[in-house]
Structures are given as C-alpha cells and as structure tokens.
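Undergrad: So the protein lines, in turn, are chains A and B.
Taken in order, the first sequence gives residues 1 to 404; the numbers are from our numbering.
Taken in order, the second sequence gives residues 1001 to 1318; the numbers are from our numbering.
It is possible that part of the hints are untrue.
[Said to hold, decoys possible] Below 16 Å or equal to it, Euclidean Cα-Cα: the simulated EDC-like pairs (lysine to aspartate or glutamate) are:
(1) LYS216(A) with ASP1059(B)
(2) LYS1055(B) with GLU77(A)
(3) LYS333(A) with GLU359(A)
(4) LYS333(A) with GLU71(A)
(5) LYS333(A) with ASP148(A)
(6) LYS181(A) with ASP237(A)
Bear in mind the hints are in silico, worked out from the structure with no lab data behind them.
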Amino acid sequence: MKFKTLAIVLFVAFLAIALVGCNGGDAGGGDDGTTTATGVTTYTIGVAAPITQGSVAQGMDIKRGAQLAIETMNESEEAKAAGVQFKMVEGDDMSDDKTAVTVANTLISDRNLIGVVGHYNSRCSIPASAVYSEANVVMISPGSTNPDLTLQGLSGVFRTCATDDLQGPAGALFALDMGLKKAIVIDDSDTYGEGIADFFYEAFEDNGGTVLFREKTQVAERDFTALATKITAENPDIVFFGGGFETIAPFSKQMHDAGSSAPIMGGDAMAEQDYIDIGGSSVEGDYVTNVGAPVEGLPAAQDFVAAYKARFNLDSVGNFASYAYDAAFAIMKAALIVHEETGDVTTPAGRDALIAEVEKSNFEGVTGTISFNENGDTNNKVISLYKVVDQAWEFVESMDLGAK
Amino acid sequence: MGILIQQIVNGVTLGGMYALIALGYTLVYGILLMINFAHAEMFMVGAYIGLFTLKFLSDPAWGMARLGLGPVQEFFTGSVLGLIIMFIIVFIVTGALTGLLGVLIERVAYRPLRNAPRLAPLISAIGVSIFLQNAVLLWIDSKPIPFPDIFPIVTLPYGLNSLKIFIVVTSIVLLLGLDTLVSRTKIGKAMRATSQDRGAAQLMGININSVIAATFFIGPALGAVAGIFYGMYYGAVIFNMGFFPGIKAFTAAVLGGIGNLRGAMLGGFMLGMIEALAVGFLPAGYSGYKDVVAFLVLIIVLIFRPGGLLGESVVEKV
C-alpha cells in the first residue's frame, strides 16, 4: 500500500514538473520574437544535423560551427547596435530522412525561427527542404552536395558547399591529369555517395578514362575484404569511393591488406583527419577532393580556426564546421539588414525579405566569398585536391569550375 | 585459383568473428528462450573496453607510462614475448569486464522479468541496447576511434596474414573450449539441464540463477573477444558498430539452429564463407548482392530445416 501511495505522489510530482516545464517554455517562446523590455529582439536559428546517430562526426562539426557563429554574432557590435540577438535551437535528424522531416516540423513550430543551418545528409535535406520552404524559413545546408536539393524550385533553399556535379567531375579530371586511366567506382548507396560516384563515372569515361566496373555497398558496411580481393585482381589505377570517411577508411585499409597499391579517391565527406587516424599507414597516397580553396590560405579562416579550437577545446576543425559557420552568418547578416528595414523578420513580409536578402549575400566568409546563384547554390566553385602525405592531408592543386 | 583461396581466407576470418558473437545469442536462447538483442551492444562495449585496455598497456601517452610504469610498457610493445603477454592480458581483462557487465545487465534488466510474458524481456533487451549505445555515444565519443595498430602484421601469400591467422586460430580455440565446457564440465551439465527443463533442474538442486549468470558471463565475454578482433581487423570502433555484425551473427545462430552451440559455430563460418564467395563469384558490379545471397541461403535452409542446420525441430505437443 505504501508503495502505491509513493507511486501516486511521484506521479503527481512528475506531472507538476512537466506542466511547469511547459509553462516556462511557452512563456520563453512568447518573449523571444517580440522586443523585450530591454529592447533586444531574439530570433531563433535552427541547426539540424545528425547528433546521436548516422553521420554524427560531421553533425557535431556543423552544430559547433553554427554555435560559434551565433555566439560570435551575438557578441559583435553590429548585432548589439541593431538590438538583435540569436538563439540556437538544435534538431537531431539522426541521418534519417523521416526523422529529418519530423525535426523540420518541430523547428518551424517555433514562430521565431527565421532560418535553419542544415541538414547534413542529402537524403535528409531534400525532404526537409520542402517543409522549410512551405513555412518561408531560410534553409542553408552546409554539407548536402547532391545537386537535386536546389533544383526542386523551392524558395529559400541554399547551400554553402559546392555540388557533386562539380566535385565528381573535378575528381575525374584530377585523376586523368595524373595519368590514372583505369578506375573502379564504388558507392555506399546513399544519396550523396551514389550521386558523386555517378558524376565521377560519367566524367571519367567522357574524358578518355575507362571504368572497369561499378560496385555498390552500404553505409554501415565495414567488411570489404572480399570486395578488396576482387578489385585488387583487376589491378585498377585508382578506386573512387563515394561515401563518408568512416566507410572508406576501413575499405582503404583492407585494399592495402589485399595487396593493392591503387590510391583511393573520395569526395568531401572523406576529407577528415579521422580518415587518416583510422587508416594509418594504409591510406598514404589516397586522394580527396574538397569544395573550396584550402582554408589555411584565407586570412579570415585563421581566426575562425583558432576561435573554434579554443571554444570547443579541440585539436582540429572538422571540414563542415566552416560551412556551417558561413551558413549561419549568411542567415544572421541578412536578418540584421531585414530587421533594420522592417523591424520584424518573423512577419510574412519580413520572411520574404529575408530570403531575398540571403540571395543577395556577398561577404567574405571562412570558406571564401559567400554568394549564391539563382538556384541557391554557392558561387564558390573551386574544388581542391588533397593527398595523404606523412599522415596528413596535403594540398595538391585547385580547379575553378566557375571560370569555365 | 589464388583468388578463390583468398576469398576463402576472407570468409573464414569473417566467419570466426560471426561465430563468436553468434554463440552469445544461442547460449542465452538455449537457456532462457529469449533473444538477447543487447548482445550486439556487448560486442561493441567489449571492443571499447579492449581498446582502452590496449591503450592503457601500450600507448606511451596513456595510463601505464604515466603511472611510472614506463619500462613495463616498453617491455610490452618492444618484444615478442611482451606482445604476447600484453594481448593475453587484454583479452582476459576485456572478457572479464564485459562478462561482468553481461551479468549485471541480466540481474537488472532480465531477472525481474523472468516470469513475465515473453515479450517483456525482449523489449527490455532493446532498451538495454539503446541505453548502452547512447551511454558510449555520450560518455566517450560520437566519432569512430582508431584502434591501436599494434599487432605485428606479417603478410603471407594467398591474402593470408598473421592477424587473420590469429583471429581464426583464437576463435577456433575458444569455440572448442566452450564446447568442452558445456559437454564435459559440471557447470556445463547444469547449463544443459537448465536448458532442457528449468523447473526440473531446479528440483534436482541446480542453482538456476548462477547457471543463468554464468551464461550471461560467457556470451558477452566471447562477444568482447570478437569486438577486439573487429577493432584490430577493421581499424576502428564506433558506438553503433554492433548493428551489422549483430544482425549477421543472429542470422548465423538461426542458420545453424538457434540454441545449438555447434550450430552457431557452423552457421557463423558458413555465413562468412557465403558472403566472401558471393562477392567473389557474382559478376563485377553486383557484389552488393552478397547479403541477398546470404539470406537466400538462410531462407532455403529454413524451408527444409525450420530448426536450422543442427537444430532439433521441436514437435508441438497437442
């Protein structure tokens, strides 16, 4: 009997806490969008990325990059002068397309939400973009490189990273320039991996190379021993793998164990120090294409790299942190302008103005000049090639596909 | 011919790991008629414990050297004898810790539900699985962690190398050891009795709780060994690494006849071989269908032998 009483007491207590929690939340929500007594307006920036499952490594980089951008902006003179502050709300899409749509719907239910930095995986960004566009919320993806995202004709959808229809062909041209004529192409059956591998395949064949065969595997697969044996027997010059570093690193290791000396090449999702840490000596000589010019060369990036390492107590900056940083800045810079002009970004007119303003973005970000074309793709069309030399990514050369 | 042998080597290595994990599923099922969905996570936790133990013993920047035991650490990494002793310590410590975790989980999450409807412990197992994954994710890291590249790799012809031989030999020794334990020793006899009829075994004076605890120690301990192999073989561990091998090992257990130890071993090696040979023989560009082939074999086996290859088909009493 005593137990029952205790249970009831606990239940009531729990209910009370839950209710208070909700009330607190509502009150907080009410305060934000409108100007408070102190004259400061707070807008919400959503960050949607895989945090607990899926491409967690990249997701955390995106979250940290956006967080640093928002904190930097909130401290800046221009935000203080305008009386605007930004608040970050995080959504965890777990790299799952259905969860991504749920996250999108949850984020837009906050009426102070003006923009979203995300999602990471192309398979998440594409369905989620429809939700944001419907709600007139700006979405800037820092990592979805599949061309289809911005070809849907949705308003307010942008990205700060170059697309795979540039990156894949650039990889093929780099490989052919080095005299590597026979390739084997593999992908992880993901929207991103499959897309970039297709573009590589096409460009490689069109420019005089031969693709011996095309294989498919899965994102979570780690055993490639049998596949590696098969590929090694074909003796290719290069193996292109469309996928993330966590899948490609063990692949490269197993290729090496199978006796292959062909370098592995991949896209931006492979361009992480973790790739080398996992692969060890096996990945020496592997290539990666990455969007943008080398970050180290840009003065603005130096400060960002230093601030990032200090803020999160890390030794290195993940690739997508810088794209998320620039994406968040693009939204916030536009929001400040619209706020100045209309006084409230959350009205329908304000939201339309925000989209128009983001479209007109033109500033020096940490990944280069941030501006968008009519589809919402970045005009930064520089693709760089890196190679693993002495256990680090070494810059080889850049190619500007925008110049063509 | 050379390539065929290489693929068989690949298949046997993979199969050894599947078999070790599959034993955990089959042991628990044999005794409790319950599918321990958290077993894949025991494999994952085992890999992490192995990683940290190995780092503690071998990495100069970690543990031992910092505790003023630098010479011991140098002995471990500097000589063949040291390496052997170190790996033995790593396997024993990891097996013991993961085994204890298994016992703890049984005590907390399954024992209270032992007489509940059969769905309840299943849900509890899924809960444990999610809990462990998230615990590792939050406390350790979301990124894959590189496994120390310490095992000396000697490359031999036919795709063989010292690590593959080590994995296969150790797996077979452990499998034979477990087989002997179950068929020859007193605790093994108690386990078999419990598996046949829990109530009757209890009436004969067998302590059911300790038998079940022993089962939950052995399964995860073997899973942990497979976890260390996985880390050494594929180079990294990550919090969600249990998923694929877990499903495959469960399939192996079903293929061999779930509840039957030798069946799990056979199923593990068979599944590994089927996967490797499927990749080898499927036309170029169709390697992705290896799982289709593997599951096709499973379906065909189950159609003709619903209890699995070595499983006894239980006749329902009317």
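Undergrad: With reference to the structure, classify each hint as holding or not holding.
TA: Now for the hints, and whether the structure bears them out:
no.: 1; hint: LYS216(A) with ASP1059(B); result: violated, 37 Å
no.: 2; hint: LYS1055(B) with GLU77(A); result: violated, 47 Å
no.: 3; hint: LYS333(A) with GLU359(A); result: holds, 12 Å
no.: 4; hint: LYS333(A) with GLU71(A); result: holds, 13 Å
no.: 5; hint: LYS333(A) with ASP148(A); result: violated, 26 Å
no.: 6; hint: LYS181(A) with ASP237(A); result: holds, 6 Å
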